[in-house]
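Chains as they are written, first to last, in our numbering: chain A, 339 to 631; chain B, 5 to 208; chain C, 22 to 180.
Hints listed in this document are in silico derivations from the structure and should not be mistaken for laboratory results. Mixed in with the good hints there might be a few duds.
Straight line, CA to CA, 20 Å or less: simulated PhoX-like cross-link-like pairs of lysine-lysine [what the hints assert, rightly or not]:
1) B/K197 <-> A/K391
2) A/K528 <-> A/K612
3) A/K391 <-> B/K89
4) B/K177 <-> B/K89
5) B/K197 <-> C/K159
6) C/K29 <-> C/K109
7) B/K197 <-> C/K29
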Amino acid sequence: MVVINIILYSLFAILVGLIFMGIGRKVSARMHLRYGPPFYQSILDIFKLMSRKSFTHNFVMDLGMVMALAGLLGTMLYVPIAGHSAFISNSNIIVIMYLMAIGSLGMAMAVTASGNPNATIGISRALTMMLGYEIPFFIIVLGLIISNNSSSISVIAASQAGSIWNWNIWHMPLGYIAMEITLQAMMGEKPFDAMIAPAEVASGPMVELSGKYLGLGLLTHAVSIFVETGLMVNFFFGGGSNPIDFVIKQLGIYLIAVIFDNIFPRYKIEQAVKFLWIFPTGIAVVQLLLLAF
Amino acid sequence: MQIINYADEERRQEDNRKLWDKVTAYFRSRSLWMLHYCTGCGAMELPPIMTSRWDIERFGIVPMATPRQADILLLTGYASTNTMKRIIRTYEQMPEPKWVIAFGSCTVNGGMYWDSYNTVNNVGEYIPIDITIAGCMPRPEAILDTMVKLMNMVKSGDAKAFQKYKDNYGYYKANQDKLFARTAPVLESASLKYVHNETEGSEQ
Amino acid sequence: MNITELLKDLNSRGLEAEKICDGEIKVIANKDNFITHLHYLQSINYEHLANINGVDYIDENEFEVVYQIYSYTDKIHIIFKVRIPREKPVIQSIVDLWEQAQFYEREVHEFYGIHFEGNKDLSPLFLEDWMDLPPLRKDFDTERFSEIVMGSMRNGGKK
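Next comes chain A alone, as it looks inside the complex (with noise of 0.2 Å):
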């Protein structure tokens, strides 16, 4: 029953992580007053990626591909929607943030191994970036454990049930607002791109990865997508009534950070290091200090 579940909660995720990525296409081409490419596009590009010829330079390529999708499907399995998870844990906020740094470093192992230069370069970005995000990503939560006085992402979601002025963006604003900086830099997205910046470092990580490989990178960018959006319908939106509105809430939290990826350019790494370690780290400690006193 476990494996069914663990099984059918990854398609979920991987699923529900690429037709976002395709309306996010679908919206900045609009924005950009394109027509688009389909919502479904991200699964006929996955289908595509499967079927070709791949390169591998050695076995550890391999294996970090796999490692950083486990990792991310494995911090997927403790984030609980709309109530439900495949694992019940009481204290899964711990797990999960020992569980995203997985997905970073078996996504680095892999493209270190591959020997390109670009790729070393991005990956050293994006493990910077992470240095950044990561400060002021665990004081907000460290505020909603203390609001709470639990580390368990199902009470805190559950604490925000009943009406939509429970949520916790009414209770905590400026955690609310740092963690949406916060988030773009997770997920990647404009001025927080550095890493992939097409331009300088020849998209970064994924630059020596094909076929097969560059479609496990895209599944990892969709979970990753999945969790850090359903992080934060838990954490600020009351977490959902039901997997259809819970998937409503995490579409808008992903299309905000889509409109931010289209209306911004790009910071520098030591840039935007400095950024994410005064900005959001100083609004979410302002958010503790009122919560706290």
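For chain A, the structure is supplied; the task is to place chains B and C on it using the hints.
Just chains B and C, lined up with the frame of chain A:
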């Protein structure tokens, strides 16, 4: 060396591909990623087809940063001999299946640079080309039409130039060597070349 | 110094200077002492060497080396021409005056076969594995070269 024409052969023996091949061909035709490697002036025609006027992304065609990720190699204009080396290297780095589109007269017969000492006349002699677009330069409509034609060719399994490259590698390699691996001067006039003699120069 | 003063000055130094249009003059110098003139021009604020070109005058059996010099203070562009014989195309290098001349001279050497005395590195810059006559010389037959190497055909192969 004889070149096998796959398109004709295919038409003769009807569509006898397996179901799986048909399915993958459909997905491939709907998600062609092109390598934005721009030689010559045709690169100017690409921004209009990717932006709001002609928007090629609605067919799933997007530019990609590296040859590893790309399906289509676009040759957008004349190829000088130095560029040709890089084009071949790029082409060989792309994973299969891969397709090549050549833009403009220059890639077909040298165009207005046909008698230049450094412009390759027919790119098709060095790497296999699926579709060429005539014109100097082709309009974005022509490029869009070609893309749709390539999508149909991929779907029906006619676009098999990469297979041709593998089967006739000897022919292509001989042509490439003729261009790059020259060991002796081509023309007799090379003997007129002035060679400076250090000792003679310092006497003056 | 405005353009008429400059013309007078250059003519008095034994150079053939001539006005082409506003802010642009043509100077013809001798190959034996052109360096001293360039030195003088540099000392009166002509600090920018924009380019070095070669020209092949095959009928007069001469090469021409053209130095494009510009002054940011006077806003005058000088086209400084030096002729050298075709049989022995050797000219002094101006790397000591302008460092960027290193690359311009390398290019001219590659495409015309003109030797620059004093330039340490005249290795090929653009052409790879080139063994024929320098390609921009007029006696290099590009059409035949293209026919042999690339298989090009006049009028697309029709007579």
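Comparing the hints with the structure gives:
1. Distance check on the hinted pair: B/K197 and A/K391 sit about 50 Å apart at the alpha-carbon level, beyond 20 Å; violated.
2. Taking the CA atoms of A/K528 and A/K612, the gap is about 16 Å. The hint holds against a cut of 20 Å.
3. A distance of roughly 24 Å separates the Cα atoms of A/K391 and B/K89; the hinted pair therefore is violated under the 20 Å criterion.
4. The suggested pairing of B/K177 with B/K89 holds, with an alpha-carbon distance near 12 Å, which does not exceed 20 Å.
5. For a cut-off of 20 Å, the pair hint linking B/K197 to C/K159 stands: about 12 Å separates their Cα positions.
6. Annotation: proposed proximity of C/K29 to C/K109 is violated, straight-line Cα distance about 33 Å (limit 20 Å).
7. For the suggested pair B/K197 and C/K29, the alpha carbons sit about 41 Å apart, so the restraint of at most 20 Å is broken.
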